[in-house]
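Q: The listed protein sequences correspond, in order, to chains A and B. Residue numbers 1 to 471, in this note's numbering, belong to the letters of the first sequence in order. Residue numbers 1 to 445, in this note's numbering, belong to the letters of the second sequence in order.
Derived by calculation from the structure, the hints in this document are not laboratory data. Ideal placement from N, C-alpha and C gives every residue a C-beta, glycine not left out. Any given hint could be a false lead.
[Stated by the list, open to error] Rough simulated footprint, nothing fancy, chain B against chain A, three-plus residues with beta-carbon under 8 Å:
#, stretch
1, 252-266
2, 359-368
[As the list claims (entries may be wrong)] For lysine-lysine, the following BS3-like pairs were computed, each having C-alpha atoms within a straight-line distance of at most 25 Å:
#, chain 1, residue 1, chain 2, residue 2
3, B, LYS254, B, LYS192
4, A, LYS401, A, LYS140
5, B, LYS216, B, LYS288
6, B, LYS33, B, LYS93
7, B, LYS64, B, LYS192
8, A, LYS384, A, LYS394
9, A, LYS104, B, LYS288
10, A, LYS170, A, LYS75
11, B, LYS12, B, LYS90
12, A, LYS129, A, LYS140
13, B, LYS234, B, LYS67
14, B, LYS288, A, LYS108
15, B, LYS288, B, LYS33
16, A, LYS135, A, LYS170
17, A, LYS108, B, LYS67
18, B, LYS319, A, LYS11
19, A, LYS169, A, LYS295
20, A, LYS414, A, LYS139
21, A, LYS108, A, LYS135
22, A, LYS104, B, LYS12
23, A, LYS206, A, LYS196
24, B, LYS234, A, LYS471
25, A, LYS11, B, LYS377
26, A, LYS135, A, LYS213
27, B, LYS12, B, LYS167
28, A, LYS339, A, LYS262
29, A, LYS75, B, LYS90
30, A, LYS169, A, LYS263
31, A, LYS384, A, LYS140
32, B, LYS254, B, LYS12
33, A, LYS11, A, LYS295
34, B, LYS366, B, LYS377
35, A, LYS169, A, LYS206
36, A, LYS471, B, LYS90
37, A, LYS460, B, LYS33
38, B, LYS366, A, LYS129
39, A, LYS108, B, LYS64
40, A, LYS11, A, LYS169
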Amino acid sequence: MAEHYKPQKYKAWELTLEERFQEYYPPLSEREATVEANRCLFCFDAPCMVACPTHIDIPTFIRKISTGNVKGSAKTILESNLLGATCSRVCPVEELCEGACVLKAEHKPIMIGRLQRYAMDYASENNLKFFEKGKSNGKKVAVIGAGPAGLSCAGELAKLGFAVTCFEKKPMAGGLDTYGIVVFREPVQVSLSEVKLVEDLGVSVKTNMEIGKDIILDNLVNEYDAVFVSVGLGNVPDMKIPGENLPGVLDGLDFIEETKVKKLNEIKFGDRISIIGAGNTGIDCATIARRLGAKRVTMVYRRSEAEMPAYHFEYQFALGEGVSFMFLTQPIEIIGDKKVEGLKCIRMDLGEPDASGRRMPIAVPDSEFILPCDMVIKAIGQNKPNEMIAALSKYGVETRKGYIAVDDETKRTKHAKIFAGGDCIRSHGEASTVMAVQDGKIAAAAIHKQLLGTASPNEKHLEPVLTAPVK
Amino acid sequence: MADLSIDFCGIKSPNPFWLASAPPSNSAYQVQKAFSEGWGGAVWKTVGAPVLNVCNRYGTIDYKGSKIIGLNNVELISDRPLDVNLREMKETKRNFPKHAVIASIMVESKKEAWQEIVKRVEDTGADGFELNFGCPHGMSERGMGSAMGQVPEYTCMVTEWVMEATKLPVIVKLTPNVTDIVQPARAAIRGKASALSLINTINSIMGVDLDTFAIKPDVGGKGGHGGYAGQAVKPIALHLLSAVASDIEVQKAKVPISGIGGIETWQDAAEFILLGSTSVQVCTAVMKWGFRIVDDMIEGLSNWMDSKGFRTIDDFVGKSLPRISSFGDFDLGFQSVARIDHDKCIHCNLCYIACNDAAHQCIDMKSMKWNGDTTEKLYPVVREEDCVGCDLCSRVCPVDDCISMVEINTGRPHITWNELVKQKPEILEWDKMEEYRKTANIHIH
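All chains should be built: construct the whole structure from the sequences, respecting the hints.
A: Quick look at the structure:
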């Protein structure tokens, strides 16, 4: 988030637990939104719109806020992105729309994310509905996994008249938007209301349905005209170090999930917590831990600040939350008798660049030390969707770097009926909600074209609306 | 969904949004692009007498970081050959038969000249005419444009010439550069005009360059008056519109009005319609942002109409006109006072200084603890018994709904100035006025 954002006055020690988990950024008031919207230049063929992976017509939705047509603004957003409410909260806007804003260089970029949230909040507070279920075209599509990619695909298909059923393994739909985004960035309710929006379009969302356990993949492939696979990724992988199974060692995503589904005062946390990894999930775990009340939270990362995968604004945020960082530090063992008592680490130096192009960490001899802690949270990425990939292999579906391989233009796998999107195909590019939403849109348009033989009327929202003829 | 289509004295348009006769409606390319982006009609840039243009043609007023709240120009009527314009009008009407194509015309003050151009335009299939009696620069010096519109007799005469030559609807476009716009409006009606449009641009000089002493806009070292338009002129346009629309002779003639002057958004358009416009014309906003603004204008107006329960534009044309009154008929007994919401006050004290220096000294700064303050703070507090209800403090307050004007009952008689002077003509003397004020509970401090 851009530096000019006005955060809540935050002094953790003055706030109750519940207050600490309220949305970090307060909603814009009508005046703030109007003033900010009027600052927008209303660029033509605007770079922000190109930078948005879902190509929301940003200048138009902002102009509509400035003229008081907030209803129309919300419609403009949702036409390109059914999960506009989530995206307005969780998108790395500095890297995307706001990073491309023409006012960035000499002025402050427009607060596009927060203006989008303003319009989305307006639509939800006024219970506005913009889309209808399309006239039935007789085709059925199964969506496996009701995360952002699945919901986007399902919603777009339902608008086009498909009968869509989503199968979700968890008790609630929404995927990481529901379970994996820290609650002070996005309340659970926002994600669930997007699920509701998709259900209101006639999509049947079946939860607690796991492929291979509650339903058989073969049946879906046989019974449906197309299948969209959006299962996301797996758990945090093993670090393969001693002590990994001690009580007090947690999977980072499980830790975040607790804050989304449990009462805050029922969540167990340590006094001294070590977080392993320095990606965005690690930052989320660290900041949650601080807000829950952990006294010392340290992120342990084997490379340096320059290589850390977390967004810079997330790093800045964590520093402000009082999180400590130990860079160039590699965990080698989790110490403890019956539970975690410490994390044994070794100091690292950076050597020559490795295959990823980043400088390779090399252990400094005899530099081992023990970081005392009573909880270790692993946040070193997620396993590939290996079970799904195994199940899909009999249909000839291929993989790319361990992810499901798809054609970029259609999101179709090697099997004609099977499409995929979201984190499970993200062999390149950033895994994010907004990318998943676009995958769903692309797949929905491709499924429409494949099954009905005509271009989807929604295809115009797949690309940015650039209209100037270039000579 | 509201129906935005209009029938403007026989000119049909899918919505009330028309391009004004101006640079954006200069060619078939522009007008057809505008139609395909949603504009309902266009008044073609004025065709007629041959002209030569100068540069620079535009000057602007920028206000505190915001560009173009006002725009002036010294551009003339179309400098493209008449034949080309007529051919393109024909092509445009053929390609967009359901959109309104209106030809703005202006020639020298000769009956034959006016009647000839009318005939030539009729052949294009255009839906009607707009007579440019308003252009305040360049053409007026040659006896055309506002030179005609400023003399009611000319306005009436030329309108008659045109009406005699055509059966198509004729809109007379009025200049604001007159003392009383109702006079040329009535003259147009005497000439049997089918409709009126207003306002044309206002005489203006945009500024002086403090380094070079050049006039803005600077035409090779010289400058002169040009036509002022854009957001800044909207209040003037609304006033002139309401004056014309509520005039008894205009109302009797039942001619529709096309409103012009600073319309940028659907909200502006709705205000013009509430004050008597059936269609609205836009230029400056398009010059700033392009035709695409019409998308929000249409959607915003439609959403607003739905929220108000209006199904058609006719449902609210002139709906606010009955509220247009004059000072002598206002209620002298209506009393309001300022109330400051101290929960919302941000302590900028702008209300205090405005009242103290520029109004009636009835806001005091008081040291007090308010609703959770731990120490005393200075708050502006209205002395309601002295507040005259001028509303200045709430106008300067930067916080929405922090200062509101609240109606109070003072027991004053609800009487208008006109009624009072009729009943008590003696109050026109100061001593009697003082006596009346005492009886009426009016205290001036």
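Q: Within 25 Å, alpha carbon to alpha carbon, are LYS460 of chain A and LYS33 of chain B?
A: 19 Å, holds
Q: Within a Cα-Cα threshold of 25 Å, do LYS104 of chain A and LYS12 of chain B meet the stated pairing?
A: 45 Å, violated
Q: Is LYS75 of chain A within 25 Å of LYS90 of chain B, Cα to Cα?
A: Violated: LYS75 of chain A and LYS90 of chain B sit about 37 Å apart, past 25 Å.
Q: Taking a Cβ-to-Cβ distance below 8 Å as contact, does the stretch 359-368 of chain A have at least three residues touching chain B?
A: Coverage by chain B is violated for the stretch 359-368 of chain A (0 residues, Cβ < 8 Å).
Q: For LYS129 of chain A and LYS140 of chain A, compute the direct alpha-carbon distance and say whether it is at most 25 Å.
A: Judged against 25 Å, a Cα distance of about 24 Å means the pair holds.
Q: Given the proposed pairing of LYS11 of chain A with LYS295 of chain A, does the C-alpha separation stay at or below 25 Å?
A: Holds. LYS11 of chain A to LYS295 of chain A sits at ~15 Å (cutoff 25 Å).
Q: Next pair to validate is LYS471 of chain A with LYS90 of chain B; report whether the Cα-Cα distance is within 25 Å.
A: Measuring from Cα to Cα gives roughly 29 Å; hence the hint is violated.
Q: Holds or violated: are the alpha carbons of LYS288 of chain B and LYS33 of chain B at most 25 Å from each other?
A: 16 Å, holds
Q: Take the stretch 252-266 of chain A, compare each residue's beta carbon with every beta carbon of chain B, and decide whether three or more fall closer than 8 Å.
A: violated (count 0)
Q: Checking one constraint from the list: CA of LYS135 of chain A to CA of LYS213 of chain A, max 25 Å. Satisfied?
A: Not satisfied, since the Cα-Cα distance of roughly 33 Å exceeds 25 Å.
Q: Given the hinted pair LYS366 of chain B and LYS377 of chain B, is their alpha-carbon gap at most 25 Å?
A: 8 Å, holds
Q: Given the hint that LYS169 of chain A pairs with LYS206 of chain A, test it: the Cα-Cα distance must not exceed 25 Å.
A: Satisfied, since the Cα-Cα distance of roughly 8 Å is no more than 25 Å.
Comparing the model with each earlier hint shows violations of hints 1, 2, 4, 7, 10, 16, 18, 19, 21, 22, 24, 26, 29, 31, 36, 38, 40; every other hint is respected.
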